[in-house]
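*Asks:* Each chain is listed here by its residues.
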Amino acid sequence: MSNKFEQVIKDYGGLLSRVASTYEANDSVKQELYQEICVAVWQGLLNFKEQASLKTYILRIAHNRCVTHVTKESKLPKGASFDDADNCTMDEADLAAANSIANFDTASSIEASLIQSQKLNKLLTAVRKLKLPARQIITLSMEGLSYQEIAEVTGLTVTNIGVSITRIKKELQRQLQDEK
Amino acid sequence: MKNNQSENNDHDELGSLWQEQTEMNLNLSEIKKLADSQRWKQRFYMFMDLLSLTPFLLILFLKIELSLTLQVFIALCFVSSIIMIIYFVKLRWASAFSHQKNTEDFTQNLLVQLHNNARIAYINKHSAWIMTIAVLIFISFNAWLMGWDGDKAFSSLLAASLLSILLFVPWYIWAKKRQIRFEREAQSIKDLLSE
Chain A
13 MSNKFEQVIK DYGGLLSRVA STYEANDSVK QELYQEICVA VWQGLLNFKE QASLKTYILR
73 IAHNRCVTHV TKESKLPKGA SFDDADNCTM DEADLAAANS IANFDTASSI EASLIQSQKL
133 NKLLTAVRKL KLPARQIITL SMEGLSYQEI AEVTGLTVTN IGVSITRIKK ELQRQLQDEK
Chain B
1192 MKNNQSENND HDELGSLWQE QTEMNLNLSE IKKLADSQRW KQRFYMFMDL LSLTPFLLIL
1252 FLKIELSLTL QVFIALCFVS SIIMIIYFVK LRWASAFSHQ KNTEDFTQNL LVQLHNNARI
1312 AYINKHSAWI MTIAVLIFIS FNAWLMGWDG DKAFSSLLAA SLLSILLFVP WYIWAKKRQI
1372 RFEREAQSIK DLLSE
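Quick note, the sequences are listed as chains A and B, same order.
According to my numbering, the stretch in the first sequence is residues 13 to 192, in order.
According to my numbering, the stretch in the second sequence is residues 1192 to 1386, in order.
Next comes chain B alone, as it looks inside the complex (with noise of 0.2 angstroms):
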């Protein structure tokens, strides 16, 4: 009885201190302001991943002339699109709305939230070279097909080769740094939940 009498006396000792922290001062109109500017970038972001389509959809409506295997990469491209784009809309309806969960949820959600970050990381990083591979050997096949003139081709992969080097070398970069962040959070979560 005395110990349970203690325990509750030291609760409320340990309560009454906790809320003698006085309260930080908060510009109301500049919160209104940040809260609006939120709102509307996350709109400007969804109406850019939509518009990601448009180049698509011109070259449906204009009925632009291509060849069978330009058809084949911009169909390829449109549906890889489409999907990226549905993966992005879902990831910011879930973080628009993950907030109103409880921590535990949250923190799961956030979790693996993280975890695919990474990996989506991890798999741009080695497209960055696969791509660079496979352009190659687009280009090698079709000088194949066109009856191999050597210089042209010499020319052609060199040319390819460069600006595989400029556009993915970055890239690479870019993902690297990507995924070692994604991995950090990750572990910053799980330093914050391990016991």
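Same shape as in the complex, but just chain A (with noise of 0.2 angstroms):
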């Protein structure tokens, strides 16, 4: 088990670490719900019967987890969690989104990753704000999911899916525009 689960965290773990960004954006609760939601992949993968996609599988469990994340976090005043990040200037959050981004060695590269970051960190605003079947959709979107797949994890049908995602993509780049 033990080594099935390193495994698993070894494939997967960036993506779960994704999932945890997209509910929280307070960091040190952001670690805590991603170490919340890889308790919880553990304790699932006991269950898992190999007849879905592990991919999905956890996926399911990473996003219930987030839910009941946000649920709880409901009795924190506004602004003590998940809106920390919209709430502190630019940048600071700036400075935190260029550390998540890959190395730089030359004045150029500083510059080019600050600005990336920016836009990453607008992106993680923007999806944030979205409602959870939106969120959902895109999200798994942008981690490569076919519908199919997008439609095991969040219980909607490949239809509706495929009409969201490019409604969703349309108002994301419109608040990408739109903060520029």
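Simulated from the structure, these hints should not be mistaken for laboratory data.
Remember, it's a predicted structure, so these values are computed and weren't measured experimentally.
Heads up, the beta-carbon is just placed ideally off N, CA and C, and yes, glycines get one too.
Wrong hints could be hidden among the right ones.
[Stated by the list, open to error] To be clear about the criterion: a stretch of chain B counts as covered by chain A if any three or more of its residues have a C-beta under 8 angstroms from a C-beta of chain A, and this derived list gives those stretches: (1) 1206 to 1212; (2) 1223 to 1234; (3) 1290 to 1302; (4) 1367 to 1379.
[To be verified] Restricting the straight-line Cα-Cα distance to at most 16 angstroms, the calculated cross-link-like pairs of lysine to aspartate or glutamate (EDC-like) are: (5) B:Lys-1224 <-> A:Glu-44; (6) A:Lys-182 <-> B:Glu-1214; (7) B:Lys-1381 <-> B:Glu-1295; (8) B:Lys-1381 <-> A:Glu-85; (9) A:Lys-131 <-> B:Asp-1203; (10) A:Lys-22 <-> B:Glu-1214; (11) B:Lys-1292 <-> A:Glu-62; (12) A:Lys-131 <-> A:Glu-44; (13) A:Lys-67 <-> A:Asp-23.
Assemble the dimeric complex from its two separately framed chains, guided by the hints.
*Replies:* What follows is the structure, encoded as structure tokens:
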């Protein structure tokens, strides 16, 4: 079991980490949420029957864990958790996001990284503003899942997903353009 | 055709930007410890649920002689305990496997569960003052059956009232807080879902 879990984290750790980022902006809470997701995945692996794809199975567990997290976090006063990134200054947000961008060693690449990190930060903020179904659909799509796989995770119909992706993408692009 | 190509490019751009997030660090041994501790906690809670039946079983096996009123009272407590244990085990079972469902089903189940919990908390809240009245009626009725001794009946009623206040006021406050929490959690799911 331990080896299986380690393999899952090796293969899907980044994916699960991005699921946590979809629901939580505050760094320390995000880290906790990531840990909670991994605990849920560990427990879920005990019941995995290998009838479905492992990727969609753990994504279902991860997203459901995040929904529970959002529900529990509702007890916190507004701004204490998910809204933190929206409230902090652009410099703080950009610096935080810059740390998550690949290595840079020259002045021009620093600038490029900062621009890229600003864009990433805007994207994350825009994604977190979406309602749950839209948020799930677009992030799973950006992870490269097929419509069928997205349907397996979300429980929505393939047709609905197809229509929604185009609409959400346009909305995200519009928000990214507006903030430029 | 050009529109489609532009949409695909936008999507590729969003997708590659999305993938630029770095993976957070993870302490694997900590995860294993947490997962094990949660599993043992669940088992412990189930054990405690079952343990709540032992007083009734002890009365049954030790064949303790009780008055008819007490027998009826204990039988009622026993039946309600069994119903509650079945409900709790059902909830724990559902909670253990609910995370594997798709998000649509999961959120709907969670919503139903939160509404049920809020309803139970509401019932618990009102059961506090209902129980107080029931206890006072029971004592008065008992005193009447025994041939109403004014001073004795009054002191019994006073003691029962004080005890009820001591027990049921915190109970009422606790249940009310739970009701508010479950209602707020249900609302946060609705907010998250509503387009």
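*Asks:* Does each hint fit the structure? Answer for all of them.
*Replies:* Comparing the hints with the structure gives:
1. 1206 to 1212: holds (count 6)
2. 1223 to 1234: holds (count 5)
3. 1290 to 1302: holds (count 10)
4. 1367 to 1379: Holds, because 5 residues of the stretch 1367 to 1379 of chain B bring their Cβ atoms closer than 8 angstroms to Cβ atoms of chain A.
5. B:Lys-1224 <-> A:Glu-44: It holds: about 15 angstroms lies between the C-alpha atoms, which stays within 16 angstroms.
6. A:Lys-182 <-> B:Glu-1214: Violated, at roughly 27 angstroms.
7. B:Lys-1381 <-> B:Glu-1295: Holds, at about 12 angstroms.
8. B:Lys-1381 <-> A:Glu-85: Status holds; Cα separation ~14 angstroms.
9. A:Lys-131 <-> B:Asp-1203: 14 angstroms, holds
10. A:Lys-22 <-> B:Glu-1214: 11 angstroms, holds
11. B:Lys-1292 <-> A:Glu-62: 15 angstroms, holds
12. A:Lys-131 <-> A:Glu-44: 25 angstroms, violated
13. A:Lys-67 <-> A:Asp-23: Answer holds: A:Lys-67 to A:Asp-23 is near 9 angstroms, not above 16 angstroms.
Checked against the numbered hints given earlier, this structure breaks hints 6, 12; the rest are met.
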